[in-house]
Amino acid sequence: MSAERPDPDVLPAASGAEAGDEVEEGSDEAYSEDEEAAVAARLEDLGYI
Amino acid sequence: MGRPRVCVIGLDGTPASYLRRRIAEGALPHLAELSRQGTLMSARAPLPPISSVSWASASTGTNPGRHGVFGFVERKPGTWDMTFTNVFTITEPQVWVRAARAGLRSIVVNIPGTYPAQPNDGGILVSGFVSPTLERSVQPPSLIPFLQERDYLIDVDLGLGHKDLDAFCEQLFAHHAARTRVLVDLLTDEECDLFYVAFTGTDRLHHFLWEQMERGEEPWATRFHEYYAAVDASVGELVARLPDDCRLILLSDHGFCRLDHEVFVNRWLERDGWLALEEPAKSIASVIPARTRAYCMDPGRLYLNLAGREPGGIVSPAEYEPVRDELRRWAEALPFVQRVATREEAFSGPHADKAPDLVLVSKNGWDLKGAVRTAELQGKGRLTGMHTQDDAFVLVRGAHPEGEADVQDVAATALDGLGLDAGELDGRVLR
Numbered sequence: 001m002s003a004e005r006p007d008p009d010v011l012p013a014a015s016g017a018e019a020g021d022e023v024e025e026g027s028d029e030a031y032s033e034d035e036e037a038a039v040a041a042r043l044e045d046l047g048y049i
Numbered sequence: 001m002g003r004p005r006v007c008v009i010g011l012d013g014t015p016a017s018y019l020r021r022r023i024a025e026g027a028l029p030h031l032a033e034l035s036r037q038g039t040l041m042s043a044r045a046p047l048p049p050i051s052s053v054s055w056a057s058a059s060t061g062t063n064p065g066r067h068g069v070f071g072f073v074e075r076k077p078g079t080w081d082m083t084f085t086n087v088f089t090i091t092e093p094q095v096w097v098r099a100a101r102a103g104l105r106s107i108v109v110n111i112p113g114t115y116p117a118q119p120n121d122g123g124i125l126v127s128g129f130v131s132p133t134l135e136r137s138v139q140p141p142s143l144i145p146f147l148q149e150r151d152y153l154i155d156v157d158l159g160l161g162h163k164d165l166d167a168f169c170e171q172l173f174a175h176h177a178a179r180t181r182v183l184v185d186l187l188t189d190e191e192c193d194l195f196y197v198a199f200t201g202t203d204r205l206h207h208f209l210w211e212q213m214e215r216g217e218e219p220w221a222t223r224f225h226e227y228y229a230a231v232d233a234s235v236g237e238l239v240a241r242l243p244d245d246c247r248l249i250l251l252s253d254h255g256f257c258r259l260d261h262e263v264f265v266n267r268w269l270e271r272d273g274w275l276a277l278e279e280p281a282k283s284i285a286s287v288i289p290a291r292t293r294a295y296c297m298d299p300g301r302l303y304l305n306l307a308g309r310e311p312g313g314i315v316s317p318a319e320y321e322p323v324r325d326e327l328r329r330w331a332e333a334l335p336f337v338q339r340v341a342t343r344e345e346a347f348s349g350p351h352a353d354k355a356p357d358l359v360l361v362s363k364n365g366w367d368l369k370g371a372v373r374t375a376e377l378q379g380k381g382r383l384t385g386m387h388t389q390d391d392a393f394v395l396v397r398g399a400h401p402e403g404e405a406d407v408q409d410v411a412a413t414a415l416d417g418l419g420l421d422a423g424e425l426d427g428r429v430l431r
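Those protein sequence lines, which keep their order, are chains W and Y.
Residue numbering for the first sequence follows the numbering used here, starting at 1 and increasing by one per position.
Residue numbering for the second sequence follows the numbering used here, starting at 1 and increasing by one per position.
Isolated chain W (complex conformation) (with noise of 0.2 Å):
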């Protein structure tokens, strides 16, 4: 595994952010309340959660 890794202010996130843009990392934002409820059934159905 390369321990080389590109600098984060250069590439562009994989959202489709420019560099520099606040990126929400793991947001709540993503998935409203009623999203999150199917998601986690979803998830329960193959045994993640």
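Just so you know, not all the hints are guaranteed correct.
[Unchecked claim] Think about it this way: if two alpha-carbon atoms lie no more than 16 Å apart in a straight line, the pair counts; the simulated EDC-like pairs of lysine to aspartate or glutamate are:
no.: 1; chain 1: Y; residue 1: K163; chain 2: W; residue 2: E44
no.: 2; chain 1: Y; residue 1: K380; chain 2: Y; residue 2: D260
no.: 3; chain 1: Y; residue 1: K282; chain 2: Y; residue 2: E149
no.: 4; chain 1: Y; residue 1: K76; chain 2: W; residue 2: E29
no.: 5; chain 1: Y; residue 1: K282; chain 2: W; residue 2: E29
no.: 6; chain 1: Y; residue 1: K354; chain 2: W; residue 2: E36
Hints listed in this document are in silico derivations from the structure and should not be mistaken for laboratory results.
Position chain Y relative to chain W; hints supplied.
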């Protein structure tokens, strides 16, 4: 731009060993032909070997210490609440983001961990698991009627797998047919440079029918193989529409094996004095921090209850190494553990400090769980297949690389096929 220069087709969770066996038996003619045109390589998934982590590696070409995804769920910083990982968790650019920056157009369909769908710079993106609504899964949104006309579903009703296998199978086949219709029509009618898609019904099939297939239990074993015949036909339909010089990459994001036991790691921690839970426990929010030195997040991610990191953490930073060593020795002695990796062994990069302190790799048959709702140490429900880190596969048409592949090699190989530099990625270009 015109016909794709690179096409990536994922078969979620398909083991290299299963493909080799079925091809040797004369099944899967399209995959068999492709395996004559390129080496069907065994591949290794990142840790932990689950789709959110592995697809982030396959699409960014980096290890989780760089892309930042370590599971489907994380502890929300500063709390004991859980949060769900999503596209914003991934902090490395995916192949299609890099392609867009180079002025190339991509079609991306059903890649796990891409919800909510982000604009794809003139291309198309349809999010995969876990996507609760179609409305926020499609970019551009004007594509939604096209998907609805083809009865596109993001996923099957997984609840059916727990209560009605017949209905589950019926939906699985219909869902696969709809997905194929969409992919074939997109590939036929849309111009793009990169076509990056996944079939995820294979993973669902394995979760609910792997053991039945292995035992030859009918009608499920036949259904299982019939499903793969449908997948093989779909691969054939897509490949037939590609130019001969298109770099074609097939992969699975992890392997699969029979599930014999579900292991509730937090209950083992509790039994041996590492963890205390408020009952009835529902999630890690039920952890009693003052009496907890370590806890587990799905599937085998062990974290110390570290002062300054976890709320109410009781392991001081000075105790970190000795306590982690003690936890590692404890874990290595568990009957279901094949090996234990430290975060330094498994991850490198800017997010390595968010990685689990230790990752358990289980023996085949023992499926590690972070759930705490059951008080049992282990059990077995309706799931009969489980993920493995090894026995994934990568196949690059026309390429015969030596050794084992890593799923992160897929992004590097795709970028290279687009004429873009892959040198800074963790993955290697498979030629």
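Now for the hints, and whether the structure bears them out:
A hinted pair counts as satisfied when its Cα atoms are at most 16 Å apart, and K163 of chain Y with E44 of chain W qualifies at roughly 14 Å. Under the criterion of a C-alpha separation no larger than 16 Å, the hint pairing K380 of chain Y with D260 of chain Y is consistent with the structure, at around 7 Å. Proximity of K282 of chain Y to E149 of chain Y is assessed by CA-CA distance (about 40 Å); at most 16 Å being required, the pair is judged violated. With a C-alpha separation of about 13 Å, the suggested pairing of K76 of chain Y with E29 of chain W holds against the 16 Å cut-off.
A C-alpha spacing of about 23 Å is found between K282 of chain Y and E29 of chain W, which places the hinted pair above 16 Å, so the restraint is violated. Taken as a hint, the K354 of chain Y and E36 of chain W pair is broken in the structure, with Cα atoms around 22 Å apart against an allowance of 16 Å.
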